[in-house]
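Chain by chain, the residues run as shown.
There are 2 protein chains.
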Amino acid sequence: MQIEIKHGDGSSRTGCFATTRGVVNTPVFMPVGTQGTVKAMSPDELREIGARIILCNTYHLHLRPGHETISQVGGLHKFINWSGPILTDSGGFQVFSLAALRKIREDGVEFRSHIDGSLQFLGPEKAMEIQCEIGSDIAMAFDECTPYPAEREYAVKSLELTTRWARQCRDYLDMKRERYGNHMLDLFGIVQGGMYKDLRKRSLEELVNIGFDGYAAGGLSVGESKEEMYDIIGTVGKMMPADQPRYLMGVGDLRDVLIAVENGFDMFDCVMPTRNARNGTLFTSTGRISIKRTEYKADPSPLDPDCSCYTCRNYSKAFLRHMFLSKEILSMRLNTMHNLHFYLSFFEKMRVAIAENRFTSFKKKWEGIFEQDI
Amino acid sequence: MQIEIKHGDGSSRTGCFATTRGVVNTPVFMPVGTQGTVKAMSPDELREIGARIILCNTYHLHLRPGHETISQVGGLHKFINWSGPILTDSGGFQVFSLAALRKIREDGVEFRSHIDGSLQFLGPEKAMEIQCEIGSDIAMAFDECTPYPAEREYAVKSLELTTRWARQCRDYLDMKRERYGNHMLDLFGIVQGGMYKDLRKRSLEELVNIGFDGYAAGGLSVGESKEEMYDIIGTVGKMMPADQPRYLMGVGDLRDVLIAVENGFDMFDCVMPTRNARNGTLFTSTGRISIKRTEYKADPSPLDPDCSCYTCRNYSKAFLRHMFLSKEILSMRLNTMHNLHFYLSFFEKMRVAIAENRFTSFKKKWEGIFEQDI
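Chains as they are written, first to last, in our numbering: chain A, 7 to 380; chain B, 7 to 380.
Hints were generated in silico from the structure; no laboratory data involved.
Among the hints, a few may not be true.
The list treats identical chains as one, so a pair stands whether inside a single copy or across any two.
What the hints assert, rightly or not - Calculated pairs, DSSO-like style, for lysine-lysine (alpha carbon to alpha carbon, straight line, at most 27 Å):
no., residue 1, residue 2
1, Lys333, Lys84
2, Lys207, Lys232
3, Lys203, Lys182
4, Lys371, Lys45
5, Lys333, Lys45
6, Lys298, Lys369
7, Lys298, Lys84
8, Lys298, Lys333
9, Lys232, Lys371
10, Lys84, Lys303
11, Lys45, Lys298
Given the sequences, and given the hints that come with them, work out the whole structure.
Here it is as structure tokens:
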């Protein structure tokens with residue numbers, strides 16, 4: 007996979023990459039559809055607000071309904087009624103953050119399901135098999151997400167294991183490709199190394215030696231300070247091959263996104279807009295607001311007069327507050343629609359700003375707005 | 007208000023009535039939007055599946071967000087983004103079924119809110135004031151919903167109170183009409199009388215003497231046997247004025263609907279299709295099914311091959327089962343969409359069957375299907 011860079015502005019860049027299911031413009035935000043649905047949204051609504059690629063979780067889909075089931079009913083795209091590209095994570099992050107009693111072995115991780123406590127196993131080959139069988143467009147290599155904080159010694163061992171697993175993922179797919187021909191998914195490698203810049207560099211070099219279709223930074227937004235995160239983002243982004251997509255995993259606070267785009271990253275995913283929406287925290291062009299506040303009780307104005315989403319076209323703050331306090335499903339729908347529309351529009355505006363050589367002022371303007379936040 | 011009967015088939019009848027916000031074809035099913043939203047649905051989706059009139063609850067909207075708030079932001083239709091007719095119940099039924107510590111007085115009922123325990127009051131004038139202020143199209147008179155079982159003596163007193171309150175509702179609206187002119191909502195009277203046929207007759211006669219725009223049967227589906235319910239439905243329906251709408255409140259099991267339409271009723275509301283949807287019980291052309299059953303785990307077929315709803319056009323039973331087990335919001339959306347579409351289509355087919363003089367065979371066919379139910 008190649009990324010076609012149309013324009014660079016400093017280290018930030020805008021371009022596109024192609025999948026068999028459509029072209030994706032970058033920088034891109036991928037809404038998160040953990041269990042095969044972006045919470046509260048229909049696929050039609052996602053398309054309408056400009057989502058072009060979504061993320062699904064291998065770990066969750068493997069546990070329920072199981073990849074065999076998805077394969078039997080015609081693959082993930084048909085199952086969830088989404089015809090655009092799907093990126094699937096490898097399950098590595100979830101195994102380390104959700105599963106109980108995990109036991110790391112050389113060939114993978116044994117763990118207990120967070121749903122029913124059953125004994126499960128994921129490893130590089132299994133993660134590849136699952137992602138192939140469900141029909142992912144972009145698969146992620148199986149990695150160990152280095153926890154924070156981690157001693158240097160642990161971080162070294164962890165990155166070495168991640169490199170060995172990455173090699174096995176690549177080999178598995180190459181073997182499959184040889185056997186079944188060309189029409190295979192793209193595979194991204196995940197850079198680990200904790201908060202050690204030299205280890206991050208080493209991890210990336212080892213992955214580049216193996217050769218992937220894109221490169222991702224993992225193990226961030228796991229408890230470290232903003233300074234540490236920005237330090238790694240600033241180191242890793244610009245070192246990644248310039249002609250391939252660069253993906254910053256799980257980082258979605260827009261302040262962090264601005265820093266990451268400034269440092270050359272192209273792809274992002276995060277549950278923040280959807281989770282915040284369900285909690286009543288809404289993004290607007292003048293900062294975040296909490297919709298439950300008493301001041302909105304009889305406020306007839308839309309959430310954001312500058313917004314063209316379904317929610318803002320049709321509803322008042324008073325209604326959104328009433329729906330939220332009444333715990334209605336429509337509250338989660340309208341809030342999610344708005345927040346995702348906000349994110350996708352933000353990325354669209356960011357692409358234009360980069361193309362027009364004014365990313366620096368764009369970043370400054372939004373940093374000012376985010377400072378006003380609740 | 008007059009109902010224009012286009013065709014009768016036995017005592018069943020199909021026709022239409024007009025409101026300032028649109029014509030409604032009967033027999034009609036009104037989806038229930040308790041707190042200002044039909045749970046899990048958007049107004050656009052409701053229109054798309056053929057809903058033409060919805061019901062909202064005076065009791066709930068009075069407690070939250072308050073009718074003053076709704077009035078301040080431009081009325082109920084604008085607030086909830088529904089431009090079609092809205093029927094509002096009077097709150098009588100909810101006061102008797104939801105509120106704690108209710109105390110019936112001659113001028114109304116004092117009760118404690120089920121939300122925060124605060125002391126509240128509803129009576130005929132207050133119920134009218136609320137329904138006027140929020141801009142209801144069809145208001146219901148404030149009644150005492152006679153509980154089941156009720157001694158004859160209690161039922162008599164209760165119906166007498168309901169008649170006195172109905173008179174006060176009528177007077178309140180007549181006074182308003184005189185003062186502000188013609189553009190007022192329609193008002194329906196509610197027949198009580200428990201399971202005593204002669205009391206039901208007396209209640210209806212007293213209401214007809216006062217004069218309403220339509221008549222409703224209340225106090226049914228409150229714990230009585232099907233035989234008792236059918237006995238009252240068979241007595242009351244045909245006695246109601248033939249040139250005005252006849253509304254059977256809160257009865258929505260389609261077996262009961264068939265009996266009621268056979269006995270001349272025109273209007274229905276019920277939470278059954280929406281509540282069942284959220285619980286995973288789905289209506290199909292061959293009977294109800296529970297979507298969580300293991301047999302659907304890898305079933306690629308739609309819920310109902312004869313159904314043209316969004317859910318059946320786009321999703322497999324396997325996906326619907328996965329969404330339900332995963333407790334996803336999309337599960338409630340897709341299930342509700344399907345069940346409401348089923349109900350609204352059922353009513354459409356029933357209207358055609360009556361118009362084509364084949365209601366008897368229509369009823370027989372569906373009674374056979376409902377016998378297959380889970």
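*Violated hints, by number in ascending order, as checked against the structure*: 3, 4, 6
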